[in-house]
Amino acid sequence: MIGTTRRTFVAAVIAAIAAGGTAAAQDDPIRIGAINPYSGQLALYGTEVTRGYELAADQLNANGGLLGSQVEVVRGNAASPQEGIAVVERLAGRDDVDAFIGTYLSAVSGAASEAALNYNKLYWDTNAIAAGLTERGLPNFVRSGPYATTFADASVELVIDALAQELGKDPSELRVWLEHEESVYGTSISERQEAQFEDAGVEVVGVGSHDYRSIDLTDSVLRAKDADPDVFIQTGYVPDGNLLLRTMRDQDFDPNAIVFVGTGDTAETLQAMGEKGVEGLLVVSYPRPGISEEFGPGSGAYLEAYREKYGSDPVAPQGMAAYVGFQIMAEAVEKAGSFDPAEVTAILGEFDEPQGTYATGFGARFDENKQNVLAYPTVIQWQGGEPVTVFPEEAAGGSKMTGFGG
Amino acid sequence: MAAFLNIVTVGLLLGGIYGLVSMGLNVIFGVIRIVNFAQGELVMLGMYGAYMSWALLGMDPYLSVLIVVPGLFVLGMILQRFVLQPLQNEPFMQIFATFGLLMFFQNLVLGITGGTGYSVRSDIASEVIRIGPVNLTLSRLIVLATVIVVALGMNWFVKYTMPGKAVRAVTQDRRAARLMGINVEWVFMLTFGAGAALAGMAGVLLSPIYTLSPQIGSNFILAAFAVVVLGGLGSVWGAFIGGFVIGLVEAFSGYYFDPALKHAIWFLIFIAVLLVRPGGLFGIAGAEEMGLREQD
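Residue numbers (full-length UniProt numbering), protein chains in the order written: chain A, 1 to 406; chain B, 1 to 296.
Read the hints as simulated data drawn from the structure, not as lab findings. Just to be clear, a hint being listed does not mean it is correct.
Claimed, not checked - So, partial list: chain B residues that the calculated Cβ filter (under 8 angstroms) puts toward chain A:
#, residue
1, 114
2, 116
3, 122
4, 163
5, 213
6, 260
7, 264
Stated by the list, open to error - Simulated coverage check for chain A against chain B, where a stretch passes if three residues somewhere in it have a Cβ under 8 angstroms from a Cβ of chain B:
#, stretch
8, 220–228
9, 231–242
Values in this document were obtained by computation on a predicted structure and should not be read as measured data. All C-beta atoms, glycine included, are put in the ideal place defined by N, C-alpha and C.
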């Protein structure tokens, strides 16, 4: 059954790509401005996120479009808040987009969404993480993906619900070290983790922060090593994560479990550490296309469509969350019958899709801040050089954590 | 005691990294009187050189010294001849030009790599030598040994060889050196080439430690400027000792106080030293102004 649906979908996507010429010839397509960094250091990820939107738009177009029109994704390059504002003004003014979608960078999202409000345009966020974005209560801002709080909660649940058992300990006997990079991203996640662990009776033996551009992290590693934790949790970026792993190896610091939050599940970490170096590492991140079909229906089809269109495997898992976010936005717009922010946000309360509805395993239910509360990250473990989804159990589809002897 | 020994070791090894990155910067400033803002990017190019030798030719990153160092030497000579020499009488413009080179190299590498963070692996680099409680990583020991050899070698070169004496003559008084028949432009080209080659060597030796990004040079350069100013602008031993001072301060403050405060603490010490000795620990007072003085 699933196989047939997937084939139909892939065929539809291919047909849509082939019919691209006709689609463009149609009068007045719907334009969605995709705000992401397409140049600069983060171009790789910005492009990856927008590929998710493009795949979702292809699929919509193959099924008759949105509000009866074909959908076109217009890229707006922004790697800083200033660029975010400028590009919103350009896309709203010159390209006359109907709504905005984004954003790999939280800081850009904050500024761009406020600029979009000046034009009374919807700003639908699929990938920005900062908790403050939805807490502002901006009338045109909706977020469909996981954010700082859910990332922190997922790491805490992993430790309490799964790791404790794997390590053969009661959660109250566990000792945890929280390491994070020192900007608002790492700090906000770490503070939430600390509070949640304390509520659950897990001992946080120390909290360490560092600059992600640090030349040396031996001091951080030695402090953590002295505290002798069972679980070492790091929230940060790729460069500091890799340097931490290397320094931990060099300093013979080998806690029972290492958990990375946010990054660490891509080829960049595998290349730095080698297959042996990452073996057993757990990473809390966006759901990957490899999750089980029961948990994320359509994840396999997404992967095939991605390979078909871009000729490679996804670079990072963010793209699938973007793809799903675009789909939820399209559903909201169809329900509202327009892109008007007031009308779209008014019908958000009608969403009540359980977890496991979309390819990422997300459900859709929005709180008063227009944050989707049923979007959770998942956890992978590096096993034999491959990132394997191991938590939550429903997403793992039978794959188990290894290496703890629990 | 074990922790103390460990931290001293960490600080010395880190000092080696800072010293090595600062050497080239210091050579260029000492002789040509240019603050080269693109020095970190030359280190970055060295790192990518090591990566390419590793990924494309299958070479151990350390062996790529044989390709990268001569390559950057030539690049440095070209930059001096065609970018900086035409601006010789306009020190401010030279500073802007090096800043332009910084932007150029960063964005060039960014355009080619698309921002993916590459890493090289070397079997030698991941070796760890354990002496009691102290873990010494071979990759960092190699850096430390290199910085000592380079400092001794440079000292010998400027003191005892004829080209070295020419470099010293140009450093002291360009006009008099020219009158004595020294080709000042040629000395500048060789010096910039040497500074770039040192940056390349630093890049190669550091490549197995870090994840490469086009911006990685800027992570080193702030510390390198601090090292050079602290040690004394233009002094070979200044960069050498300055590197260790900053490395030890960073390791101690990071471990005993807070890793988030370590940069604040070493900048405090940096400012305190400059208040007492404006020329740096080993510098000559006034050296820091010479770049802006009339020279020719």
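The hints, checked one at a time:
1. 114: Given a least distance of 5 angstroms, the restraint on residue 114(B) holds.
2. 116: Because about 6 angstroms separates residue 116(B) from the closest Cβ in chain A, which is inside the 8 angstroms limit, the hint holds.
3. 122: violated, 11 angstroms
4. 163: This interface hint is violated because 33 angstroms lies over the 8 angstroms limit.
5. 213: holds, 6 angstroms
6. 260: holds, 5 angstroms
7. 264: Cβ of residue 264(B) sits 11 angstroms from chain A, so the hint is violated.
8. 220–228: holds (count 4)
9. 231–242: holds (count 3)
This entry does not satisfy hints 3, 4, 7, going by the numbered hints stated previously.
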